[in-house]
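Residue numbers (the numbering used here), protein chains in the order written: chain A, 526 to 858; chain B, 526 to 858.
Honestly, I wouldn't trust all of these hints.
It does not matter which identical chain is used: a pair holds within one copy or between any two.
[To be verified] Capping the alpha-carbon separation at 20 Å, the derived lysine to any residue pairs in SDA-like fashion look like this:
#1 K836 to P567
#2 K527 to T729
#3 K527 to E736
#4 K727 to N535
#5 K836 to H809
#6 K527 to G672
#7 K705 to H532
#8 K527 to L754
#9 K527 to F730
#10 K527 to R763
#11 K527 to P753
#12 K727 to R808
#13 K527 to R553
#14 K727 to T633
#15 K705 to L755
#16 K527 to P756
#17 K527 to D735
#18 K527 to A758
#19 K836 to V813
#20 K527 to L732
#21 K527 to T721
#22 K527 to E731
#23 K527 to P728
#24 K527 to E759
#25 K527 to G857
#26 K527 to P747
#27 K836 to G649
#28 K527 to G777
#29 K836 to A814
Please keep in mind that the hints were generated in silico from the structure rather than gathered at the bench.
Number of protein chains: 2
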Amino acid sequence: MKKLINHPQNLRREFLAGLALAHADTLRVCLEPVYVVRADAPVPGKTAIVSGGGSGHEPLHAGFVGKGMLDAACPGEVFTSPTPDQIEAATRAVNGGAGVLHIVKNYTGDIMNFEMAAELCQAGGIEVRAVVINDDVAVEDSLYTAGRRGVGTTVLAEKLCGAAAQRGYDLARLETLCRKVNRDGRSIGMALTPCTVPAAGKPTFELREDEMEMGIGIHGEPGRERMPLLPAAELTARMAGTLLADLPFRSGDEVIAMVNGMGGTPLMELYLVYGELEQILQRHGIRVARRLVGNYITSLEMAGCSITLLKADDELLSLWDDPVFTPGLRWGI
Amino acid sequence: MKKLINHPQNLRREFLAGLALAHADTLRVCLEPVYVVRADAPVPGKTAIVSGGGSGHEPLHAGFVGKGMLDAACPGEVFTSPTPDQIEAATRAVNGGAGVLHIVKNYTGDIMNFEMAAELCQAGGIEVRAVVINDDVAVEDSLYTAGRRGVGTTVLAEKLCGAAAQRGYDLARLETLCRKVNRDGRSIGMALTPCTVPAAGKPTFELREDEMEMGIGIHGEPGRERMPLLPAAELTARMAGTLLADLPFRSGDEVIAMVNGMGGTPLMELYLVYGELEQILQRHGIRVARRLVGNYITSLEMAGCSITLLKADDELLSLWDDPVFTPGLRWGI
Numbered sequence: 526m527k528k529l530i531n532h533p534q535n536l537r538r539e540f541l542a543g544l545a546l547a548h549a550d551t552l553r554v555c556l557e558p559v560y561v562v563r564a565d566a567p568v569p570g571k572t573a574i575v576s577g578g579g580s581g582h583e584p585l586h587a588g589f590v591g592k593g594m595l596d597a598a599c600p601g602e603v604f605t606s607p608t609p610d611q612i613e614a615a616t617r618a619v620n621g622g623a624g625v626l627h628i629v630k631n632y633t634g635d636i637m638n639f640e641m642a643a644e645l646c647q648a649g650g651i652e653v654r655a656v657v658i659n660d661d662v663a664v665e666d667s668l669y670t671a672g673r674r675g676v677g678t679t680v681l682a683e684k685l686c687g688a689a690a691q692r693g694y695d696l697a698r699l700e701t702l703c704r705k706v707n708r709d710g711r712s713i714g715m716a717l718t719p720c721t722v723p724a725a726g727k728p729t730f731e732l733r734e735d736e737m738e739m740g741i742g743i744h745g746e747p748g749r750e751r752m753p754l755l756p757a758a759e760l761t762a763r764m765a766g767t768l769l770a771d772l773p774f775r776s777g778d779e780v781i782a783m784v785n786g787m788g789g790t791p792l793m794e795l796y797l798v799y800g801e802l803e804q805i806l807q808r809h810g811i812r813v814a815r816r817l818v819g820n821y822i823t824s825l826e827m828a829g830c831s832i833t834l835l836k837a838d839d840e841l842l843s844l845w846d847d848p849v850f851t852p853g854l855r856w857g858i
Numbered sequence: 526m527k528k529l530i531n532h533p534q535n536l537r538r539e540f541l542a543g544l545a546l547a548h549a550d551t552l553r554v555c556l557e558p559v560y561v562v563r564a565d566a567p568v569p570g571k572t573a574i575v576s577g578g579g580s581g582h583e584p585l586h587a588g589f590v591g592k593g594m595l596d597a598a599c600p601g602e603v604f605t606s607p608t609p610d611q612i613e614a615a616t617r618a619v620n621g622g623a624g625v626l627h628i629v630k631n632y633t634g635d636i637m638n639f640e641m642a643a644e645l646c647q648a649g650g651i652e653v654r655a656v657v658i659n660d661d662v663a664v665e666d667s668l669y670t671a672g673r674r675g676v677g678t679t680v681l682a683e684k685l686c687g688a689a690a691q692r693g694y695d696l697a698r699l700e701t702l703c704r705k706v707n708r709d710g711r712s713i714g715m716a717l718t719p720c721t722v723p724a725a726g727k728p729t730f731e732l733r734e735d736e737m738e739m740g741i742g743i744h745g746e747p748g749r750e751r752m753p754l755l756p757a758a759e760l761t762a763r764m765a766g767t768l769l770a771d772l773p774f775r776s777g778d779e780v781i782a783m784v785n786g787m788g789g790t791p792l793m794e795l796y797l798v799y800g801e802l803e804q805i806l807q808r809h810g811i812r813v814a815r816r817l818v819g820n821y822i823t824s825l826e827m828a829g830c831s832i833t834l835l836k837a838d839d840e841l842l843s844l845w846d847d848p849v850f851t852p853g854l855r856w857g858i
């Protein structure tokens, strides 16, 4: 295992120490229990947003803490759900009196622990609502998940809901928005190579030199099929076709599109895939109104990519353009 | 070879097609010859800045075209110098009448082709100055280079000079600034794994499972030594020590620091290295006034990192904070 770390058991703490030093103007890191909050938390009167999940998907979630996005993130150990005490402490730390939205990716452990934390907070008088993101069209009921997994749409939900909370949406309206984003967002991923969880020390799975895995999960969970490596044009067409059929998207739709790297894929390749994607969407009469191309929800050093399409409307596009100031996503400030 | 491409010979063109589609508000791509320019080029009366080099280091350089940074970038084929006709055409396209600065990384082919293009432009009445970046402390006279290689300081030079040009620095003052940045910037890199140039189809070098290469170049050129993999704390201390001794940096200095990923290293690990670096610098009485942590000058999917330190003063810090609007670096707009 080749990694720029000291000891696997210190990785999360040492990563967060570096994050805190690098972004002291944006966020603060608490270590007992582990969570990351906006530097100015709690913001009185603002609805707060907390997300979290296993580490190893950076910048998601810790890198999305800051003005216009998350109030707090709860990073678990690598590929491991955060514990209820982390989520409870983060929720308390960011509550500005207007309630807290939990954005939860659909993994059994995450769901259970966010629910437990929400109950504890509610017992303490904090209003909490939770929205579960389950946008991955690849598989139903996979390893760690009942139903569809939560992946790329989470990034878009955190940006859009973060902007809405900043504008003053109350908790009920924020929850409605987040449910709409989840309802209208779809993702699919693929991998060229596996990744290695530091504490395990060996790759999560194996792929032959001429093989790829379509529909991979962000923890290396099995996808739809192992298949011979395709040229990027065919690969993108296949991924886009699966997404377009699932919602279904229709000619005339506008979308926010994300071509996301799994961590180990060069930016050149992601832009190449984006170019293929936009041309495919054009042929279907779908206009990409906004887009992200880069590494936003990763799987350590896995090579591969995912595509997320979110049907957009005026509310979403306007919220998208609002300023955001986080380590992983920044504009307008 | 596992890559998200179609055919290696189309990679540069297809990458740029995607870049152009994704960032039409920021830049335009020309294909005959190949260069990338600011969407509003030429900007009348503004000194222009052109850089370039082999592709495969993205976002450098094409991803740094836009307001507050580069007016144009000339991407060669992967790890191959751009040709004089590319550089000449880009220089002509961005000349707003106030002359053009070429920022050139110190590789023999780049130097030769930028010089040839500058002569052609000057013969055509465009004033051109060139600054060569040679900040890599690892080796003298390596493969492809006489003297030190040009690496991470190039990113900082492009940001700082881009801001200065936007403020109205004339060509002579811009050249002076760029020389100062090069004089006061130092970098060193290391690799855990090699990368594969698509047209070659096999890794540029080989490293054993327990080995790393200290002082690697951004094309996989040999470094100072192959050595057993070190824990991140020791690795960072060794890299920082080499940099601090070279300038030399002194207690009381302020620096702009960059911890840069080579392309295949997770963000968690880069932040961990940044945390180690800032603590080491603190112990030397050196304050990190600004920083970048992420993938800025990469080597395809190589795993590893580089560290760049630039001695800062009020002029540099003020220019650093100016707005920048490019695909790879964006703030304040």
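Going down the list of hints, with the structure as the test:
Taking the shortest Cα distances, K836 and P567 never come within 20 Å of each other, neither inside one copy (32 Å) nor across copies (36 Å). Taking the closest pair of Cα atoms, K527 and T729 come within 20 Å of each other both inside a single copy (14 Å) and across two copies (18 Å). In this assembly of identical chains, K527 and E736 lie within 20 Å of each other by CA distance solely across copies; the values are 9 Å between and 23 Å within a copy. For the homomeric pair K727 and N535, the shortest alpha-carbon distance inside one copy (18 Å) is at most 20 Å, but the shortest distance between copies (35 Å) is not.
Proximity of K836 and H809 under a CA criterion of 20 Å is satisfied intra-copy only: 14 Å inside one chain copy versus 52 Å between copies. For the homomeric pair K527 and G672, neither the shortest alpha-carbon distance inside one copy (34 Å) nor that between copies (31 Å) is at most 20 Å. Proximity of K705 to H532 under the C-alpha cut-off of 20 Å is found in neither arrangement, the shortest distances being 42 Å within a copy and 39 Å between copies. Proximity of K527 and L754 under a CA criterion of 20 Å is satisfied inter-copy only: 8 Å between copies versus 25 Å inside one chain copy.
Taking the shortest alpha-carbon separations for K527 and F730, both the intra-copy value of 16 Å and the inter-copy value of 16 Å come in at or below 20 Å. Taking the shortest alpha-carbon separations for K527 and R763, only the inter-copy value of 18 Å comes in at or below 20 Å, while the best intra-copy value is 33 Å. Taking the closest pair of Cα atoms, K527 and P753 come within 20 Å of each other only across two copies (11 Å); inside a single copy the shortest separation is 27 Å, beyond that limit. In this assembly of identical chains, the alpha carbons of K727 and R808 never lie at most 20 Å apart, being 42 Å within a copy and 36 Å across copies at closest.
For the identical chains of this complex, K527 and R553 are neighbours neither inside a copy (29 Å) nor across copies (39 Å), given an alpha-carbon limit of 20 Å. For the homomeric pair K727 and T633, neither the shortest alpha-carbon distance inside one copy (24 Å) nor that between copies (41 Å) is at most 20 Å. Proximity of K705 and L755 under a CA criterion of 20 Å is satisfied in neither setting, with 34 Å inside one chain copy and 48 Å between copies. Taking the shortest Cα distances, K527 and P756 sit within 20 Å of each other only across copies (10 Å), while inside one copy they are farther apart (29 Å).
Taking the shortest alpha-carbon separations for K527 and D735, only the inter-copy value of 7 Å comes in at or below 20 Å, while the best intra-copy value is 23 Å. For the homomeric pair K527 and A758, the shortest alpha-carbon distance between copies (14 Å) is at most 20 Å, but the shortest distance inside one copy (32 Å) is not. For a Cα distance limit of 20 Å, the shortest separation of K836 from V813 inside one copy, 10 Å, qualifies, whereas the shortest one across copies, 42 Å, does not. Proximity of K527 and L732 under a CA criterion of 20 Å is satisfied in both settings, with 18 Å inside one chain copy and 11 Å between copies.
Taking identical chains as interchangeable, the C-alpha atoms of K527 and T721 lie at most 20 Å apart whether they share a chain (9 Å) or sit on different chains (18 Å). For a Cα distance limit of 20 Å, the shortest separation of K527 from E731 qualifies both inside one copy, at 17 Å, and across copies, at 14 Å. When the C-alpha separation of K527 and P728 is checked against a cutoff of 20 Å, the pair qualifies both within a copy, at 11 Å, and between copies, at 17 Å. In this homomeric assembly, K527 and E759 come within 20 Å of each other (Cα to Cα) only across copies, at 15 Å, whereas the closest approach inside a single copy is 32 Å.
In this assembly of identical chains, K527 and G857 lie within 20 Å of each other by CA distance neither inside one copy nor across copies; the values are 38 Å within and 37 Å between. For a Cα distance limit of 20 Å, the shortest separation of K527 from P747 across copies, 19 Å, qualifies, whereas the shortest one inside one copy, 24 Å, does not. In the homo-oligomer, the alpha carbons of K836 and G649 never lie at most 20 Å apart, since the shortest distance is 37 Å inside one protomer and 51 Å across protomers. Taking the closest pair of Cα atoms, K527 and G777 never come within 20 Å of each other, the shortest separation being 47 Å inside a single copy and 35 Å across copies.
In this assembly of identical chains, K836 and A814 lie within 20 Å of each other by CA distance solely inside one copy; the values are 10 Å within and 41 Å between copies.
In terms of the numbered hints stated before, the structure departs from hints 1, 6, 7, 12, 13, 14, 15, 25, 27, 28, listed from lowest to highest.
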